[in-house]
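Fit chain B to the given chain A structure using the hints.
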Amino acid sequence: MPDSMTAAVSAPRGPESGAGGGLRRLARRRSTIAFLMTLPLICVIVGLVAYPAAYAVYLSTLNRRMDGFAGLLQFEILVDNETFWLVVWQSCLFAISAVLAKALIGFWLAHMLHHIPTKGQRKWRGMLLIPWVIPPALSTLGWWWMYDPTYSSLNWILAIFAVPAVPWLGEPWWARISVIMVNVWYGAPFFMIMYLAALKSVPEQLYEAAAIDGATSWQRLRHITLPMMQNIISITVLFSLIVTFANYDIVRVLTNGGPRDLTHVFATYAFQVGILSGNIPRGAAVSLFMLPALAVFAYFILRGVNRRNREMA
Amino acid sequence: MNLAANIHGSLRAERRWALIIAYVSLCAAVVIFLLPPVYMLITSLKTNAEMSNLQGNPWLVRSPTLEHYGTILGNPLFLTFFWNSIKVTVLTVIVTMVISVLAAFALARMRFWGSQALATGVFLTYLVPDTLLFIPLYQIVGGLGLLNSTWGLVLVYPTLTVPFCTWIMIGYFASIPKELDEAALIDGATWSQMLLKIFIPVALPGIIAATIFAFTVSWAAFVYPTAFITTPDQMPLTIGVVSTLVRGDTFAWGQIMAGALLAALPPVVVYAFLMDYYIAGLTAGATKG
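Going down the list, the protein sequences come from chains A and B.
Residues in the first sequence are numbered from 60 upward in steps of one, following our numbering.
Residues in the second sequence are numbered from 402 upward in steps of one, following our numbering.
Just chain A, same shape as in the assembly:
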């Protein structure tokens, strides 16, 4: 982050503008210009993020017909609702297992990519990032068709290995796993790219020193790679937890919450309650239930980023 602009500006301008008065005027003009330049940004942040967030809180305190204050009624109704607890449980299961799988696969692939000669890396990296590039709503259509019960091409592959047909989207547990699989497929390349960038920033001398000391590859991983990547790993994991926790498209396209509302996550349930059934206050309450978890993740991300900035400064 910048911090020495004042010195840079005042020194060269000093002789021309005489004494302190000119400098002060310059500084004042500068902050006016700066304010004008950031004004559109401030409008977006305040008008389209902060205000709607506060408005969501207000909406959630209204009654069903939105003509009167109902206090915490919507939250009380949700807490008593069995489907809602299924949504909470499914969202947590979805986010935690998917992020864990993405992080492990991404870490493994980043390592493998880092191992092969630099010449070939570009080609492999290019192919492996494809799932991340296709808009997820569209690639999920492809998955949906692969899961299709009458003509499942995945079951056809499994049949080669004499595995019985899997009811991908028909049975609750398989439906949950199917949704997680698509999310892992979509997100693992992102982790791979992030970890690969981090791996490349680890100084080679550290590994050379370790090799001279006779360190095994496990020791190198444990005592050099992981500590050096610690910050990136935690930032990526926390960031992905937010995005996965709040995911909408995959569940919407693949199961739309079914079978029997068992695969709904916060976002799809809020959509169903708030937009499709027209109960805006209840829908707002559902999505606000995400807030505590997101706030905790965001706090730790910010801490990680700040720490990283200090290290790099």
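Since the hints were made in silico from the structure, they are not lab data.
Among these hints, one or two may not hold up.
Here are some of the chain B residues that sit facing chain A, going by a computed Cβ distance under 7 Å [stated by the list, open to error]:
1) P437
2) I500
3) L534
4) W592
5) A661
6) V669
7) Y672
List time: in silico EDC-like cross-link candidates among lysine to aspartate or glutamate, alpha-carbon distance up to 20 Å [said to hold, decoys possible]:
8) K182(A) with D677(B)
9) K598(B) with E580(B)
10) K259(A) with E370(A)
11) K598(B) with E583(B)
12) K178(A) with D677(B)
13) K259(A) with D677(B)
14) K598(B) with D588(B)
15) K178(A) with E263(A)
16) K488(B) with D634(B)
Quick reminder that beta carbons are idealized off the backbone N, C-alpha and C, glycines included.
Using the frame of chain A, we list chain B on its own:
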């Protein structure tokens, strides 16, 4: 001497094994990662008769045909989706880049009251997911009379793009050496000259990366159009393909897959040609700024 040779030999063997494991893992990953798009392509090339025949290998095309692509490209609704996507995306990208380049320049180079807090605020807004905001935004956009209009999307899409683009642009601008602006100031350059003649040209890779990010995010946006748009003629591609092609009991899978692939083509093409910028933008958020 002997010992050293031994160690050397075992090291080489170890390295060879590591290389074999690496290639095997990468091959497996490529096959799995490319399976869905390849299957979409295969499906889009099959005739309907072949698709309804449940015998045989679903991964092979016996009589390839382009009829589904012909049908979908001849469908005026699909072309409307495409046009809507282009319109919304181009406008969003322009708005985003103007807002974030101006703001990032001010935040990176002019210290002013609250600039640090604003930079943190930008990062925090980036972490607010769209699924938290779509219900209040639905009310707000509805209040402005912009539901079922592509203009409503142009209004709200910057929430998806501006925070991250500003954030990475701050990083790129901050990495430009301060000597450059000192030299410009000595020559009597104004702030606008400094931005246009020095910062934008020097940070061009960052600007390209941010533009690509804004483009792919607006093209792939799904939550907002699903919530705000219900009339087909205002739909962008994502929701258009998912909602109007998928209906009824008999799914026209060939057409759906052809439509989905065509809809996914622009970001994939951009990625294919500008991969390095794409990746730079992706990783910049964590390694810079």
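Quick rundown of the hints versus the structure:
no.	hint	verdict
1	P437	4 Å, holds
2	I500	4 Å, holds
3	L534	5 Å, holds
4	W592	6 Å, holds
5	A661	4 Å, holds
6	V669	6 Å, holds
7	Y672	5 Å, holds
8	K182(A) with D677(B)	12 Å, holds
9	K598(B) with E580(B)	15 Å, holds
10	K259(A) with E370(A)	17 Å, holds
11	K598(B) with E583(B)	14 Å, holds
12	K178(A) with D677(B)	15 Å, holds
13	K259(A) with D677(B)	15 Å, holds
14	K598(B) with D588(B)	13 Å, holds
15	K178(A) with E263(A)	18 Å, holds
16	K488(B) with D634(B)	13 Å, holds
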